[in-house]
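So the sequence lines, in the order shown, correspond to chains A and B.
Per my numbering: the first sequence = residues 1 to 636.
Per my numbering: the second sequence = residues 637 to 1006.
Don't take every hint at face value.
As the list claims (entries may be wrong) - In silico lysine-lysine, DSS-like type, Cα no more than 25 Å apart, as pairs: (1) A/LYS217 x A/LYS190; (2) A/LYS122 x A/LYS203; (3) B/LYS881 x A/LYS222; (4) B/LYS881 x A/LYS61; (5) A/LYS405 x A/LYS430; (6) A/LYS122 x A/LYS101.
As the list claims (entries may be wrong) - Pairwise CB distance ranges (calculated): (7) A/LEU46 x B/TRP864: 22 to 30 Å; (8) B/ILE838 x A/GLU95: 34 to 42 Å; (9) B/TYR844 x A/GLU95: 21 to 29 Å.
Said to hold, decoys possible - A few chain A positions that, by computed beta-carbon distances, are all more than 12 Å from chain B: (10) ARG125; (11) ILE133; (12) PRO161; (13) GLU224; (14) PRO344; (15) SER421; (16) TRP438.
Source of the hints: derived by calculation from the structure; they are not laboratory data.
Just so you know, these numbers come straight off a predicted model, no measurement behind them.
Virtual Cβ for every residue (Gly too), placed ideally from N, Cα, C.
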Amino acid sequence: MGPRRRQLKNAYAEAMQFRRRAVIAFLAVTLALAGLATWYFRLQVLQHAEYATRSDANRIKPRPVVPGRGLIFDRKGRVLADNVPAYRLDVVPDEAGDLKKLVADLSRVVALTPEDIERFDKDRRGRHGFRPITLKLRVGEEEAARFAVDRWRYPGVELVPYLNRRYPHGDVLAHIIGYVGRIDEADLAKMGEVDAALTHTGKTGLERYYEEALRGKVGYEKIETNVEGRALRRLGQVPAVPGADLRLSIDLDLQRAMVAAFEDHDGSAVAIDPRTGEILAMVSLPSYDPNLFVNGISHTDYKALMDNPSRPLFNRNVLGGGPPGSTVKPLIALAGLDSGLRRPEDAVFSTGEFHIPGQRRGYRDAHGGAGWTDLRKSIAASVNFYYYKLAYDMGIRRFDEYMRKYGFGAPTGIDLAGETSGVVPSPDYKAKRTRENWYPGETVIAGIGQGYWVATTLQLARGTAAIANGGRLVRPHLAASRRDGYDAPWTPLPQPEAPHITDNADHLRAVQEGMMGTMQPGGTGFSLVRGAPYLMAGKTGTAQKISRRGGASVDPHQLPFHLRHQALFVGYAPAENPTIAIAVAVEHGGFGASTAGPIARKVFDAWLLGTMPEPKPTNAVPVAAGTPPPAVAPAR
Amino acid sequence: MNAIARILYDLVARILRTVDLPLLGALLALMGIGLAVLYSAGGETPRLVIAQGARFAVGLAAMWGLSRIPPTRLRHWSPLVYGVSLLPLLLVLLIGQGKHGNHWINLGVFYFQPSEVIKLSLPMMLAWFLQREPLPPRFHIVVASGVLIAVPFGLILLQPDFGTGMLVASSGVFALFLAGLSWWWFAAAGAGVAAVAPVAWIWMLRPYQKDRILTFLNPESDPLGTGWNIIQSKIAIGAGGMTGKGWGQGSQSHLDYLPEHTTDFIFAVLSEEFGWLGVATVLALYLFVIGRCLWIAAEARDGYSRLLAGALGLAFFVYVIVNGGMISGMLPVVGIPMPLLSYGGTSAVSLLAGLGLVMAIGAHRPRHAT
Chain A
1 MGPRRRQLKN AYAEAMQFRR RAVIAFLAVT LALAGLATWY FRLQVLQHAE
51 YATRSDANRI KPRPVVPGRG LIFDRKGRVL ADNVPAYRLD VVPDEAGDLK
101 KLVADLSRVV ALTPEDIERF DKDRRGRHGF RPITLKLRVG EEEAARFAVD
151 RWRYPGVELV PYLNRRYPHG DVLAHIIGYV GRIDEADLAK MGEVDAALTH
201 TGKTGLERYY EEALRGKVGY EKIETNVEGR ALRRLGQVPA VPGADLRLSI
251 DLDLQRAMVA AFEDHDGSAV AIDPRTGEIL AMVSLPSYDP NLFVNGISHT
301 DYKALMDNPS RPLFNRNVLG GGPPGSTVKP LIALAGLDSG LRRPEDAVFS
351 TGEFHIPGQR RGYRDAHGGA GWTDLRKSIA ASVNFYYYKL AYDMGIRRFD
401 EYMRKYGFGA PTGIDLAGET SGVVPSPDYK AKRTRENWYP GETVIAGIGQ
451 GYWVATTLQL ARGTAAIANG GRLVRPHLAA SRRDGYDAPW TPLPQPEAPH
501 ITDNADHLRA VQEGMMGTMQ PGGTGFSLVR GAPYLMAGKT GTAQKISRRG
551 GASVDPHQLP FHLRHQALFV GYAPAENPTI AIAVAVEHGG FGASTAGPIA
601 RKVFDAWLLG TMPEPKPTNA VPVAAGTPPP AVAPAR
Chain B
637 MNAIARILYD LVARILRTVD LPLLGALLAL MGIGLAVLYS AGGETPRLVI
687 AQGARFAVGL AAMWGLSRIP PTRLRHWSPL VYGVSLLPLL LVLLIGQGKH
737 GNHWINLGVF YFQPSEVIKL SLPMMLAWFL QREPLPPRFH IVVASGVLIA
787 VPFGLILLQP DFGTGMLVAS SGVFALFLAG LSWWWFAAAG AGVAAVAPVA
837 WIWMLRPYQK DRILTFLNPE SDPLGTGWNI IQSKIAIGAG GMTGKGWGQG
887 SQSHLDYLPE HTTDFIFAVL SEEFGWLGVA TVLALYLFVI GRCLWIAAEA
937 RDGYSRLLAG ALGLAFFVYV IVNGGMISGM LPVVGIPMPL LSYGGTSAVS
987 LLAGLGLVMA IGAHRPRHAT
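Here chain B stands alone, though its shape is the one from the complex:
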């Protein structure tokens, strides 16, 4: 009996050897909350919950699998992975499908979203590229890194998918930041954006994007048109109060006032049903996840591991702040899901896979500095 328990324990320990348990705990908590809110938002039928649970299972499997790969091997493959992952981005422009553009490739079994892969491969590529030279990166390295970021970013913008493009680009920028990129670069970039913004407004942004920005500035100006989503979302959030209306009691989502309430706006459902306490709890969990990634990164012994783990962790932050800000009217509407809460997409899988890479870095830390 004791022996069996011991064998079982050993087996589990071996399986979980590469898994960071605090991180996994926080993720499981988030996933549990996500499924609970989804059950309510999805009309209290298990259909969406089962589909989302299946995605989580795939994601967790990917996380586990990737966590077993030594970072040295990851580093070795990084340029190849990056190069290969650009191909579907090109392909999706030709044969892709989607509501507002070409976002997915139909693989028969499921819809493949090429931009999800680049979310992992770009930080890998940059981490590899930056750590080859002494840090902080020198000028020509920064410029070359900019090209590495700009190529996938440009391809994603062509789909067009500004939200994902921004996520991808920001993960690259985070890698540069963590590599010690001079503050002057950020100052220059800020000035550049300010200069380009009017030009972009006139020639680059699509009408729906302009609408979103105008709506953000004054949602009440068009309460039945583009402002509707934000107004209804704010009503849902505000009506939640401190403790919320209770699970399954959110009238805004249950009566369909809240649009997209299983996907982009699911955090509003959580806000309505669980109140500010629920919001604070979830934000605290996200903060823990990000902090844990940064901790693992800081503990890593080589530059590649540090940059990759840090960039992936901070990418998580972009999801949360953009989605959480957008649905509450703090930021313009950008189609970015709430990680592990929003239904659908392959983002859950890619997020978990990314965290698998972080876990790999944590698990394969050499005992002694080299």
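Extracted from the complex, chain A is given alone in its bound form:
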């Protein structure tokens, strides 16, 4: 019993009072819970679509799948460029916190070069902080292990597997294949967001020309991620399309033979299958190791390459060129025939010095007067007089027209970027360059491939191939076929219809005979044929890169080294059924027959007989100073 009551309670009234209040309370509770249920109904049923979308957006994140870059093979299926598994370090700045400290800490675990850090700082600017940025490519096995142990100390840093481009033959093919390099801002702007997952893009050579095909297509995986962004499982994917493989017409053995044939010389050479335009070998020396560029070249290596006076990075075949000298004579002879100015048997009397009527100045022959000279002899013995007169008779306008028809003054269309056009001497060109009038004497020297001429080795090789194959001006090309996927068939790349340089087979025959004459007794190249079991046709040449500046003569010995005389040779073999045409330019090589010719002979031998020249290691060593890092990070 409770304490004594001070007042009497009305038990019934209190009970009724409670019941009233209890009913009110219950109604209020019911109303409130119904309100709550209504609120949930609004969220769960009326706004369901919106929240379901947000729920999916929460958990499903697209993750790019980087395709493997297409491989490059030589004509016999040997790998010239491939991909090897490697690891890189990616940093997500938003998650990493103090980046300066992070970089300092990381450099104790992995070797970070100043270039790495510089590059990282540059990449970081103007990019989203939640996007991973690569700090270091090709992390070594030991470094990766060290990082893995300490990984908890580096939030936002991840070791990402990727495929690293490798060029197993290094400098032998550098000017053909080129290299891939890190994607920079300009590349990104060009490629767009879709390919932002890629790290490398072709910078030069075939890697650049066939970038689209080699790159493939970035795919996407739909990844279910938890709140920390850790991938849990794959929900679906748009598969990556691997890059197309390329099969080159290059023959690795012949390429090596060509490099070896150059011995210590600088210069360039192109060997073409005249029937198709397939380039069998193409060198520009000195060369460099393209592997240096794949992951960012160091400042010292780059400086060494840039400071080298022989300019190893300069592709002489497509970017260079110079006066073709006497090697262009066979085509000028053809122009003489086709223009109707000469017949093959027409002979001029060479006195050793040609005079424009009414002018005192004489244009000389190196070997003095050759006497009566017909077309065949003019080629075989390289008689300047014949060509001085022919060019003078033809006039520069017509001369220019024919030379263009033979492929000079325009890019050959080779599958390399940035090919130069070269120059065919013409009043228009001179007017543009110098604002001066054309002198008849300039027509005369154009006839022996001097003066305003600029022809690339590639153009000479193509012109020679056209003579060899019966007059078709084929497109020189490096990539013969491609396949889209490992088990896809190789499909040949389409080549344009080859224009004909002449309609007259007899004219061509006469020129061919002249070139065969070069390799016979009395020809300028006779010394080259000793011991050859096949017939060759060819033309030697020596060219001053610059003979005159404006009107003034230039002393060749005061020219920079790389502008001095070039030894040249063009030719094809076997003469009666040619399977290879070649153009060789040896810088400061002296007389064409003595340096350029033997190189051509060695290449012919290698191609036709399979005899390789003695390899000379000097050209195989990268020109860049400093030891290049191993091209390949150990996989896993």
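Fit chain B to the supplied structure of chain A, relying on the hints for placement.
Same frame as chain A, but now just chain B:
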């Protein structure tokens, strides 16, 4: 055979004599749902389920034990229980532990949360205090009741634990309401709160509490900070739709987007996996529990029993509405668990114990009015 069955039946009947079976049924249903959701939310391992099951067992035992105590004896002990239960509230301020304050006392075997006991002892005290005088309560009784509420409320606020404080205070207010407190008091209290609110905002609320209120008003204003929980919780609820994603299929909780998904936000997990139908079912069960308590209260013959049972039943409602409203963005974030669903704490035990008191009242009703 028949005899054995009969003996067994008698035994069970004797054991369950004081237990209100409809109430027990609803509670068991809620506990079953709670364990099922917990299994899913806890990463589908039995660890949390076993721990929670153990708590339920303790709670059910307490419920059973308390249901056997005659309300007259409860009434007799009420002032003493109230007085004694204030001591640990003082003690916890000195030696307590907790994430955001001093909430628990480490007893070695388990963590004791003193505020849980006051959830029972305050309604007991008020029921005892109010029924001594004729009802509705007169002015000085109301003021004295206010002091009885304010002391534990103030001590809990000092921990600080606004959510529990509010629960405790509301159970006292419910007792006053059921006792027939004049509506004028409620009107005056409403006006008072409105007047004090700005003052409280400036001087009394802690920064995290202000954050919670601001976040409630506009969760999208700070989607990665304090608004994150509510946004993710609403996504979980909304993504559930009418029928839910299915048991164990809630991506929001399984992928850790939903914070605290085994404790305060477990109802969002239920919403995601069982949809609005699941929500409505659980709310209906809660409504049944509350209604059953009020029914038992109304059937009771003495004032103490009525007030105690009614206040305890309505306290249940506060849990549900505050938690359910908070996780769906209808009310500000207040740390109150969903009864019998949320993992952990001693709230499950105290809730079941409280319902044990209600059952005691139902079981010990005199056959005839006195």
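Going down the list of hints, with the structure as the test:
1. Proposed proximity of A/LYS217 and A/LYS190 is supported: the alpha carbons are some 15 Å apart, at most 25 Å.
2. A distance of roughly 19 Å separates the Cα atoms of A/LYS122 and A/LYS203; the hinted pair therefore holds under the 25 Å criterion.
3. For the hint pairing B/LYS881 with A/LYS222, the CA-to-CA distance comes to about 20 Å; that is within 25 Å, so the pair holds.
4. Using a Cα cut-off of 25 Å, the hinted pair B/LYS881 and A/LYS61 holds, with the two alpha carbons roughly 20 Å apart.
5. Proximity of A/LYS405 to A/LYS430 is assessed by CA-CA distance (about 20 Å); at most 25 Å being required, the pair is judged to hold.
6. Between A/LYS122 and A/LYS101, the direct Cα distance comes to roughly 17 Å. Compliance with the 25 Å bound is thereby established for this hinted pair.
7. Checked against the given bound of 22 to 30 Å, the beta carbons of A/LEU46 and B/TRP864, roughly 24 Å apart, stay inside it.
8. One distance hint, 34 to 42 Å for the beta-carbon pair B/ILE838 and A/GLU95, holds here, with the actual separation near 38 Å.
9. Range check, B/TYR844 to A/GLU95: about 26 Å between beta-carbon atoms, so the 21 to 29 Å window is met.
10. Every beta carbon of chain B lies more than 12 Å from that of A/ARG125, the smallest distance being close to 24 Å; the non-interface claim holds.
11. Every CB of chain B is more than 12 Å from the CB of A/ILE133 (nearest about 22 Å), matching its label as outside the interface.
12. Listed as a non-interface residue, A/PRO161 keeps its Cβ farther than 12 Å from every Cβ of chain B; the least gap is roughly 25 Å.
13. In this structure A/GLU224 is not separated from chain B by more than 12 Å, as the shortest Cβ-Cβ distance comes to only about 7 Å.
14. Here A/PRO344 stays apart from chain B, with its beta-carbon at least about 86 Å from theirs, past the 12 Å limit.
15. At roughly 59 Å, the least C-beta separation between A/SER421 and chain B is larger than 12 Å, which holds for a residue marked as non-interface.
16. Every C-beta of chain B lies more than 12 Å from that of A/TRP438, the closest at about 75 Å, which supports listing it as non-interface.
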